[in-house]
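The listed protein sequences correspond, in order, to chains A and B.
The working numbering numbers the first residue of the first sequence as 1 and each following residue consecutively.
The working numbering numbers the first residue of the second sequence as 1 and each following residue consecutively.
Please note that a few of the clues may not be correct.
[Unchecked claim] Listed next, with one range per pair, are the computed distances between beta-carbon atoms:
1) Pro-33(B) / Glu-31(A): 55 to 65 angstroms
2) Pro-289(B) / Glu-31(A): 40 to 50 angstroms
3) Glu-106(B) / Gly-109(A): 12 to 22 angstroms
4) Gly-31(B) / Gly-129(A): 31 to 41 angstroms
5) Pro-232(B) / Val-82(A): 38 to 48 angstroms
6) Glu-106(A) / Arg-310(B): 53 to 63 angstroms
7) Glu-106(A) / Pro-232(B): 43 to 53 angstroms
8) Val-351(B) / Thr-78(A): 33 to 43 angstroms
9) Met-172(A) / Met-293(B): 28 to 38 angstroms
[To be verified] Chain B residues, not near chain A, derived (Cβ > 12 angstroms throughout):
10) Arg-13
11) Gly-181
12) Glu-183
13) Thr-202
14) Arg-299
15) Gly-334
FYI, nobody ran anything at the bench for these hints, they're computed from the structure.
On a predicted model such as this, the values are computed, not experimentally measured, just so you know.
Glycine included, every Cβ here is placed at the ideal spot set by N, Cα and C.
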Amino acid sequence: MSVVTVDPKAKLLLQRERELFELRSLRSRAEEWFKALHAVSPERFDVTLEVQARRATEILVGALSFECAAALEYRPDTGEVVFGCAEPKPLPAGLRIERQAAEHFERLGGGRYGDEPEPALGTLAQALGLSKFFWRWCSSCRGSRFLFLAGSSPRTAQFHTFPDSDREHFGMFTSHAAALLSNSLLVADVRRERAELEVANRGLDASLRELEQTQAQLVASTQMVALASRQAGMAEIATGILHNVGNVLNSVNVCSEVALERLLGLPLEGLGKVSELLAEQADLGRFFAEDPRGKKALEYLSRVSERLLDERTGIASELSQLERHLTHIRAIITRQQAYAKRGEAERCDPSQLMEDALIIARNSHHRGSVEVVKEFSPVPSIHVGRHRVLQILVNLITNALLALQEAARPDKRLVAHVSAPTPGSVRLAVSDNGVGIAPEHAAKLFQHGFTTRSDGHGFGLHNSVLTAQELGGTLRFESAGRGQGAMFILDLPVESPEPAASSSAHPPRHSTPVAAQLDVQDA
Amino acid sequence: MSAKLYAKGVLSRHRNSFEAGRDAAREIRAGMPAPPKLVLCYLTINHEQEQFLAGLRGELGADVPVLGCSGQGVMGRGAVHEDGYAASLMALGGPALQVGIARASEVHTDTRAKGEELARELRAQLSRPPQVTLLHYDPLCGVDLDVMLGGVSSAIESPILGGAAAHYFNAAMTTTYQYFGGEVFSHGAVGVSLAGDFTAETIFATGCAPVGYQLRATRVEANTILELDGRPALDVWKEITGARGKLDIMASSSVAIGVPVPGSDEHLIRAAFVFDEARNGMMLGAAVPQGSMLTLYHRTVEDTLGGSERMAGELSRRLAGKSLRAVLGFECGGRTSPFLGMEATNEENRVLQASVGAQAEWAGVICWGELFPVGNGPGFHNYTFPLLALAE
Numbered sequence: 001m002s003v004v005t006v007d008p009k010a011k012l013l014l015q016r017e018r019e020l021f022e023l024r025s026l027r028s029r030a031e032e033w034f035k036a037l038h039a040v041s042p043e044r045f046d047v048t049l050e051v052q053a054r055r056a057t058e059i060l061v062g063a064l065s066f067e068c069a070a071a072l073e074y075r076p077d078t079g080e081v082v083f084g085c086a087e088p089k090p091l092p093a094g095l096r097i098e099r100q101a102a103e104h105f106e107r108l109g110g111g112r113y114g115d116e117p118e119p120a121l122g123t124l125a126q127a128l129g130l131s132k133f134f135w136r137w138c139s140s141c142r143g144s145r146f147l148f149l150a151g152s153s154p155r156t157a158q159f160h161t162f163p164d165s166d167r168e169h170f171g172m173f174t175s176h177a178a179a180l181l182s183n184s185l186l187v188a189d190v191r192r193e194r195a196e197l198e199v200a201n202r203g204l205d206a207s208l209r210e211l212e213q214t215q216a217q218l219v220a221s222t223q224m225v226a227l228a229s230r231q232a233g234m235a236e237i238a239t240g241i242l243h244n245v246g247n248v249l250n251s252v253n254v255c256s257e258v259a260l261e262r263l264l265g266l267p268l269e270g271l272g273k274v275s276e277l278l279a280e281q282a283d284l285g286r287f288f289a290e291d292p293r294g295k296k297a298l299e300y301l302s303r304v305s306e307r308l309l310d311e312r313t314g315i316a317s318e319l320s321q322l323e324r325h326l327t328h329i330r331a332i333i334t335r336q337q338a339y340a341k342r343g344e345a346e347r348c349d350p351s352q353l354m355e356d357a358l359i360i361a362r363n364s365h366h367r368g369s370v371e372v373v374k375e376f377s378p379v380p381s382i383h384v385g386r387h388r389v390l391q392i393l394v395n396l397i398t399n400a401l402l403a404l405q406e407a408a409r410p411d412k413r414l415v416a417h418v419s420a421p422t423p424g425s426v427r428l429a430v431s432d433n434g435v436g437i438a439p440e441h442a443a444k445l446f447q448h449g450f451t452t453r454s455d456g457h458g459f460g461l462h463n464s465v466l467t468a469q470e471l472g473g474t475l476r477f478e479s480a481g482r483g484q485g486a487m488f489i490l491d492l493p494v495e496s497p498e499p500a501a502s503s504s505a506h507p508p509r510h511s512t513p514v515a516a517q518l519d520v521q522d523a
Numbered sequence: 001m002s003a004k005l006y007a008k009g010v011l012s013r014h015r016n017s018f019e020a021g022r023d024a025a026r027e028i029r030a031g032m033p034a035p036p037k038l039v040l041c042y043l044t045i046n047h048e049q050e051q052f053l054a055g056l057r058g059e060l061g062a063d064v065p066v067l068g069c070s071g072q073g074v075m076g077r078g079a080v081h082e083d084g085y086a087a088s089l090m091a092l093g094g095p096a097l098q099v100g101i102a103r104a105s106e107v108h109t110d111t112r113a114k115g116e117e118l119a120r121e122l123r124a125q126l127s128r129p130p131q132v133t134l135l136h137y138d139p140l141c142g143v144d145l146d147v148m149l150g151g152v153s154s155a156i157e158s159p160i161l162g163g164a165a166a167h168y169f170n171a172a173m174t175t176t177y178q179y180f181g182g183e184v185f186s187h188g189a190v191g192v193s194l195a196g197d198f199t200a201e202t203i204f205a206t207g208c209a210p211v212g213y214q215l216r217a218t219r220v221e222a223n224t225i226l227e228l229d230g231r232p233a234l235d236v237w238k239e240i241t242g243a244r245g246k247l248d249i250m251a252s253s254s255v256a257i258g259v260p261v262p263g264s265d266e267h268l269i270r271a272a273f274v275f276d277e278a279r280n281g282m283m284l285g286a287a288v289p290q291g292s293m294l295t296l297y298h299r300t301v302e303d304t305l306g307g308s309e310r311m312a313g314e315l316s317r318r319l320a321g322k323s324l325r326a327v328l329g330f331e332c333g334g335r336t337s338p339f340l341g342m343e344a345t346n347e348e349n350r351v352l353q354a355s356v357g358a359q360a361e362w363a364g365v366i367c368w369g370e371l372f373p374v375g376n377g378p379g380f381h382n383y384t385f386p387l388l389a390l391a392e
């Protein structure tokens with residue numbers, strides 16, 4: 001049977017089938033692109049630029065049938081390719097992007113090379129061995145450019161006439177890939193910064209540990225200094241004791257020597273001769289009356305008798321003085337024994353403390369012609385470590401005596417002050433009109449190790465100010481300058497502070513007493 | 001009982017062509033107890049064809065026969081690939097197998113004579129009639145395949161299967177490749193005949209349904225139809241399909257042309273896949289006798305997949321009790337990615353492979369025209385899916 005007319009329904013069916021076939025083909029290709037888009041997206045976003053670029057090129061030549069694909073990062077100003085990977089063959093060595101090509105990329109952003117070859121891209125195409133390719137230019141987060149290429153060499157270009165839909169999908173795919181590459185760079189930056197921070201943190205930790213060690217060493221050093229200061233103070237007191245006892249012993253020696261000399265000087269040899277002469281005489285009456293030797297013997301005996309009486313008196317006097325000196329030594333030792341106990345606060349009379357300090361210091365140093373004046377006002381008793389206050393006061397009095405000793409003036413004067421500046425505090429001060437304190441020394445006076453004396457050790461005032469702080473008080477000084485004398489003022493609370501406040505675990509900074517002193521100076 | 005027929009299939013996605021060929025050869029050698037007597041090779045056109053063959057033969061040895069063709073895609077155990085770089089190989093060997101190979105050049109000229117010569121050459125290498133002959137050729141050179149099949153079948157007495165070489169599915173069809181040894185060429189044909197003490201089962205599936213629309217080929221030159229119903233063929237085809245502008249594969253792949261088989265109610269399914277704008281004609285894979293009444297078919301996914309399922313069932317039934325060694329598939333490129341899509345294509349093949357024989361080696365090519373016997377002679381078809389199963 002011959003068919004001469006077209007069945008409209010069959011024709012419509014065939015047309016719909018054709019349209020459906022084309023749609024299926026387009027959908028199939030679109031599905032490949034969307035699968036590729038999904039495949040290029042990493043499950044984790046910490047992949048490197050290299051891995052991400054490699055993945056994109058593998059997909060382009062694997063799932064999307066391009067013969068060749070490449071991903072480059074280059075600097076548009078120099079054309080230098082700083083990174084690149086390609087499938088299935090690596091990029092040619094020394095590949096560069098010509099300026100004209102870079103400008104072309106910059107201007108258009110994406111396109112197709114091959115159907116009507118763009119001269120600006122010819123060099124690049126030749127270098128890559130491509131005759132047809134899609135390209136896409138994208139900015140990177142570090143100022144460079146990403147360039148994606150996918151296409152065919154002359155060998156396979158005849159087989160690949162990629163439709164415009166492929167070009168659009170390529171643009172979408174590579175834009176996504178470029179964003180992932182930039183993300184990789186950012187992730188790398190974050191990783192690097194994190195690593196730097198970790199290194200810095202480790203350094204900081206090390207510094208902190210070092211600081212802690214230094215702090216511990218400082219604490220230990222301070223404790224050692226405090227101990228040394230205390231020991232120095234104790235040594236000073238001990239020196240005072242020895243000096244006091246030594247001074248007394250000098251007197252003891254003098255007394256002993258005088259008594260000895262007197263005993264040795266007694267005219268006992270003549271008495272022996274007189275005694276023998278008298279023994280030879282049968283008639284002592286006649287001898288004394290008639291014999292001239294008898295008369296001389298009587299005169300001699302009379303003189304010896306007078307002499308012995310005098311010497312007995314003198315020797316008795318020396319022995320009496322010797323006894324007083326020994327009593328003084330016992331008193332000094334007894335007094336020091338009273339201060340031998342440490343760290344125990346007790347109720348003390350500030351005036352008595354000053355008296356005791358004066359006695360100790362007085363016997364430690366020759367006062368010469370120093371006038372000691374006591375200006376004691378009525379004050380309440382204080383609850384304090386007796387020996388610690390005494391240690392400060394002995395140090396201050398000793399320093400005053402030394403300052404007076406150095407001074408050339410005749411009217412040397414030391415004044416011991418006891419007063420109550422406020423209801424809750426007591427002031428113990430020692431002033432002198434000695435050599436004074438030079439302004440350049442004022443700031444360093446309380447510093448550890450500072451001294452102006454050749455035989456000084458620089459512990460006394462430093463330890464004194466620390467002790468004063470530990471006792472809850474302050475120590476400061478006033479001086480109008482060199483040759484103008486000085487006054488050291490110890491203010492103590494009536495009641496001793498809480499133990500924590502007097503703890504020496506964290507001693508006050510050295511600047512604290514200096515600052516206090518400076519405040520006084522400024523005032 | 002030891003096997004008399006060995007087979008090893010390889011499916012490769014390696015992108016370096018030489019290394020891909022080399023690695024495939026190593027896989028073949030590792031998977032066979034003895035060197036193969038034949039390696040069938042199918043590649044996508046992204047591969048550097050010569051490089052692949054060089055890698056393959058360098059590892060196998062130049063004395064191992066290698067032949068095949070480029071394809072729109074390849075199939076293997078578990079997957080069909082039409083994208084990027086892919087290769088499928090089937091190596092055959094064993095004491096039961098005899099192999100004859102031959103090639104022909106420029107087959108669009110002196111076609112019958114070259115077909116006869118090719119067949120004689122194949123037959124001469126065998127001591128017994130072949131169980132089956134495989135043929136691959138260049139469908140774009142203008143060869144009238146019916147003529148060539150006539151020549152081949154006149155000189156060799158076996159079913160002829162195989163398919164036309166192809167390349168990536170695209171609007172333009174340009175060049176296909178055939179492989180023979182290390183040689184890569186176009187406009188040719190390669191053939192292999194298999195003989196021996198084994199079973200060769202052949203079967204094929206279709207997927208078309210007639211729409212009740214017929215027209216007559218009123219002027220034909222060889223396999224190019226110049227007029228339909230007395231009008232220029234391309235004008236009629238555009239009118240039928242609704243296509244505008246330049247015709248391409250998209251405008252023909254949805255429509256199948258049923259060519260009547262003399263003395264039968266059946267049709268040979270053909271596709272018009274090259275459009276000659278200069279002559280206003282459309283070229284088919286084989287000649288259509290002038291005056292033939294052509295019946296148009298449309299293609300449906302249901303028919304396509306249903307045909308595959310029926311084929312799997314039938315082949316399994318035929319192979320019952322036998323040890324299936326290898327299956328070679330020659331699926332039409334008009335069925336796969338552009339019609340079914342790759343997901344459905346892969347599912348179709350997975351189901352087919354699981355049904356026919358999960359342990360058998362599997363290889364094949366997506367081609368542009370399939371060969372399968374119809375009636376008492378060889379036939380050329382489109383939109384079909386022939387299978388060759390080798391068993392003991």
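Hints versus structure:
no., hint, verdict
1, Pro-33(B) / Glu-31(A): 55 to 65 angstroms, "violated, 42 angstroms"
2, Pro-289(B) / Glu-31(A): 40 to 50 angstroms, "holds, 41 angstroms"
3, Glu-106(B) / Gly-109(A): 12 to 22 angstroms, "violated, 48 angstroms"
4, Gly-31(B) / Gly-129(A): 31 to 41 angstroms, "holds, 35 angstroms"
5, Pro-232(B) / Val-82(A): 38 to 48 angstroms, "violated, 59 angstroms"
6, Glu-106(A) / Arg-310(B): 53 to 63 angstroms, "holds, 59 angstroms"
7, Glu-106(A) / Pro-232(B): 43 to 53 angstroms, "holds, 50 angstroms"
8, Val-351(B) / Thr-78(A): 33 to 43 angstroms, "violated, 57 angstroms"
9, Met-172(A) / Met-293(B): 28 to 38 angstroms, "violated, 48 angstroms"
10, Arg-13, "violated, 7 angstroms"
11, Gly-181, "holds, 21 angstroms"
12, Glu-183, "holds, 17 angstroms"
13, Thr-202, "holds, 29 angstroms"
14, Arg-299, "violated, 7 angstroms"
15, Gly-334, "violated, 9 angstroms"
In summary, the numbered hints that this structure violates are 1, 3, 5, 8, 9, 10, 14 and 15.
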